[in-house]
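Residue strings, one per chain:
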Amino acid sequence: MKADIAVVGSGLAALIATRTLQQAGRSPLLIWPGLTSLYFTYATVDVLGYADPTTAEPVEQPEAAIGQLIADHPDHPYALAGLDALRDGTALLIDWLRAAGFTWQGSLARNLLLPTAIGTPKPSCLVPASMAAGDLRRDEPIVFCGFAGYQDFVPELAASNLSRWWGRGDQAVRAIRVPLPGFDGTRLFTSIDLARSFEDDAFRREVAGRIRQQIPADGVRIGVPAVLGLTHDMDVHSGFMAEVGHPVFEIPTLPPSVLGLRLFDRLRKHIQESGVEIIWAAPAHAAEVSGGRCDRIFLKSAGREQPIDARAYVLALEDTVDGALRAGVHTVSDPFFHRSLASHAVPTERTDESLFNPQPFASIGYPVTDRLQPRDDEGGPLAGNVFVAGGAIAGYDPVGSKSRGGLAIATGYRAAKEAMAA
Amino acid sequence: MPDTSTGVVVIGGGSTGAGVLRDLTMRGIDAMLLEKGDLASGTTGRSHGLLHSGGRYCVNDLAAAIECVEEGRILRRIARTTIEDTGGYFVSVSEEDEAWEPRFVEGCRKAGIACERISVEEARRREPALSTQVRTVFWIPEDGHLDPFYLVMGNVESARRRGAQVRTYTEVTGFLKEGNRVSGVRTRDAMTGEESTIACQAVVNATGAWAGFVARLLDVEVKVVPVKGVMVVLSHRVAHATINRCHKPGDGDIIVPALSVAILGTTAVKVPHPEVLPIEWDEVRHMIEEGSLMADGVSTARAMRAYAGVRPLYDLGAEAEGREMSRNFAVIDHEQRDGVAGFTSIVGGKVTTYRLMAERVTDLVARRLGVTTSCTTADVPLNDRGDEMDQLRHRPAKLGMPKPHGDERALQPLLCECELVRPQDAEPWFRDPAVRTLEDIRRRTRSGMGPCQAAICAYRLAGRLVTDRHQDGPTATRAMADLLETRWRGVRHVFWGSQLRQAQVTAGLHLELFNLDRQLMQALPPSLAGEGRGGGFETAEVASQR
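Quick note, the sequences are listed as chains A and B, same order.
This note's numbering applies: residue 12 is where the first sequence begins, and numbers increase by one.
This note's numbering applies: residue 627 is where the second sequence begins, and numbers increase by one.
Wrong hints could be hidden among the right ones.
Claimed, not checked - Far from chain B by the CB rule (all over 10 Å, computed), these chain A residues:
#1 Arg121
#2 Ala140
#3 Ala170
#4 Arg185
#5 Arg207
#6 Phe214
#7 Glu299
#8 Asp306
#9 Arg361
#10 Lys413
What the hints assert, rightly or not - DEER-style ranges, computed between Cβ atoms:
#11 B/Arg1057 x A/Ala297: 48 to 58 Å
#12 A/Gly180 x B/Met817: 28 to 38 Å
#13 A/Glu364 x B/Glu1043: 24 to 34 Å
#14 B/Thr758 x A/His84: 47 to 57 Å
#15 B/Phe1056 x A/Pro192: 23 to 33 Å
It should be emphasised that the hints constitute simulated quantities derived from the structure, not laboratory data.
These figures come from a predicted structure and were not determined experimentally.
Backbone N, C-alpha and C define an ideal beta-carbon position, used for all residues, glycine too.
Model the full structure from these sequences, guided by the hints.
Shown next, in the form of structure tokens:
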């Protein structure tokens, strides 16, 4: 199969690269290796939450902080992609979200600080409008509202933690729990069940009424699990807020992530309807390189190996979740060029003793040139027409700094631009 | 003036201590169990879960083999729901193994172990997982899987129904004496530091590998040799039945399908202290290599975690080392041996023979107390007063097969999707004062023991600590972090393949979505005493080796 530019990946970086190419009038082919992390954990676009691993102080102005980061660390992927790629990529994403029917809030100038389902404050940059009212820089008291029979959001846990960590006193946060219509005391609900139920007007009005009964005072805002609709979420959120009579904000929950499902399914559908071809569930596993260029890559599809011949390739994979890396017992290698990216005498070297510390394995990936090409041992490009974006770039760990989304945008955008020029 | 009193204090919450507690109460003797960590958190809960037919001992340790045969049959009567009757294969994969076969067959005959040689073709028809290297197969119908957690909880719950008291995270720090007679114990709560005294007429030291430390508090010596065994957990059962190498028992020669997973075992290394159990990469690798000789799929299965346990081998003074040492047990009558009345130790042995060990030591203690009621534990089932046990501990089979239409209950969301634990399976344990950490919930429900290693259920469990136990958020969050950390310590040793993907999901959830990174972790209360950290006899030297 021939293609103009092939983008391999299933996360935000792949989507940004594909959209960038499409907007530039090119014909990208999106090769989707499998289930995306968007379904598991994605909820917001975090650009830079913490400036360095030792601080507990969240970044307030991500754009300025990234400028400083680039000056201090010229090898950082943000430096390689450039601040312009982050700005332009973010503008492209915001336009795209609008075109796809989403309303998002936030800008690179200022982070929001939002409560998580466990009651920690978390800095995020771009968020669905349905989450924005949770911003902890505002002063209104918060009421966390859970649902009897739904175990993936525990309002009492979130309230108890946030009241200690927010610094607005014990009265500023409380928890309520309302029974859901049809709940008989034994049945349990998943996020998806509830998201579908909330699209039903009668159900939603009934729940809103039950919440209203428990909150007599004005001037509070209500935090609910992110289950306000699966496909018509904007209508569900605004309708629900009017019915409850208070500002309502969604909080991301345990997987499956309704926010991730909404985001990905709609962006995918939108890009497909606007003419981009997608090859589904086909992990790429080999590349043919000659004369310093990649001639073709090979996909594992049903029962056969499918070659893809493109002029350029964007590898926008996310670490190991979607197959960017293969981890053997001693060696981590890449599935395209079959190069060793890291080797370890014993597997424990890949991890820290504590789950909550930075993990060595998270930094494993492709070393890249300043044009985001995978690098060979001499430092030159392994293949001049291949570009890497997102989590598969070596040498940084987006987890602690809360920068996964921003890095996906900046490198996805830059890799697409480079691919067009290759 | 002691704070409370009981008839007999049993120290140690493993299978032996739990068995003694039950036996005492069934003879009408008032008893209290003290455990410095959680029930089944030491040797018992870290065993490989093999219900021994006796086949592994029948050549070198005939007496132990015969005990296994008899006790295995008794356990099938009294602890039916803790056992899966898998049967087992003993396989030869080399000429050396084949040379062992006549001795094995003869040993089985002497011990009374049912043993049938079947053709390799027939064996592979029954058990397609057997490797192509297998040359000879013996079918041993009485090998099986014994759930060590369920066994301990079953004994303890049975004893509690008869009035026994149980204190977990309660370490014995000293003894009360009247003349040469033990009249009570001093204790300290491993979490709160609270001290207490308990008056009693007798003390049973059932602390296994820790027995020497307890005895030393009375200036008497009990020589127990702690021998480490490392095990690897695979994410599925691999085989239908247990598989043993037919050879002189050695490292990595056993595969136990245990509920939803398979356990590869094990090694035998003397250690300086029962809580210093480092897992070496060579041990993990060896386990997988040796397991692969017996069953296909061991090397390609997803290894989920590794863990180490400690055998409490009793030093009979012989020159034997590690695996050569007898698996037999001994009751030490300290009144007779050391002139310390009211103190008895039970050492050695194994989980399969826990009931017999309990019977023997309880016989002695009862006699000294003038109680003539005889032992009934071989006949009365653990769940003799209804099926509370079954209600407390969910079995996957109870969920039934989800019906394609209509039966919503069969398709209920679960507390732990990996291990099919329902919320109602955990609920009663949140009301049990002996349950102090989420690790304790895990041991009683299996929540968090599957492929995601608590990544999902940890949040739900932490929520229960707030709603059901009225803990504050930071304390519950610390408990959640502790559960994830103890799981992580096992995951790290098998960190390849799909494990990296799983870890990315775990990190994505807890570090990114919940923002529970190091900075916020530091704002939580300190870690509670948990698995392997129950206070106790840990010295600075031990702590430094951890």
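The hints, checked one at a time:
No Cβ of chain B approaches the Cβ of arginine 121 of chain A within 10 Å, the least distance being about 18 Å, so the stated non-interface status holds. Listed as a non-interface residue, alanine 140 of chain A keeps its Cβ farther than 10 Å from every Cβ of chain B; the least gap is roughly 19 Å. The Cβ of alanine 170 of chain A sits about 7 Å from the closest Cβ of chain B, inside the 10 Å cut-off, so the non-interface label is violated. Every beta carbon of chain B lies more than 10 Å from that of arginine 185 of chain A, the smallest distance being close to 12 Å; the non-interface claim holds.
With a least beta-carbon separation of about 14 Å from chain B, arginine 207 of chain A lies farther than 10 Å from that chain, consistent with its non-interface assignment. Phenylalanine 214 of chain A, annotated as away from the interface, keeps every beta carbon of chain B farther than 10 Å; the closest lies near 17 Å. A cut-off of 10 Å between C-beta atoms confirms that glutamate 299 of chain A is not in contact with chain B; the least separation is 26 Å. With a cut of 10 Å on Cβ distances, aspartate 306 of chain A stays outside the contact zone with chain B, its closest approach being about 29 Å.
Against the 10 Å criterion, arginine 361 of chain A falls within the reach of chain B, whose nearest CB is about 5 Å from its own CB. Chain B draws lysine 413 of chain A into its interface by the beta-carbon criterion, the shortest separation being 7 Å against a cut-off of 10 Å. Between arginine 1057 of chain B and alanine 297 of chain A, the C-beta spacing of about 57 Å keeps the proposed range 48 to 58 Å intact. At about 30 Å, the CB distance of glycine 180 of chain A to methionine 817 of chain B agrees with the hint of 28 to 38 Å.
At roughly 27 Å, the beta carbons of glutamate 364 of chain A and glutamate 1043 of chain B sit within the given window of 24 to 34 Å. Judged by the Cβ atoms, the range 47 to 57 Å given for threonine 758 of chain B and histidine 84 of chain A holds: they are separated by roughly 53 Å. Remark: the range hint 23 to 33 Å for phenylalanine 1056 of chain B to proline 192 of chain A is upheld by a beta-carbon distance near 28 Å.
Of the numbered hints given earlier, the model fails hints 3, 9 and 10; all others are met.
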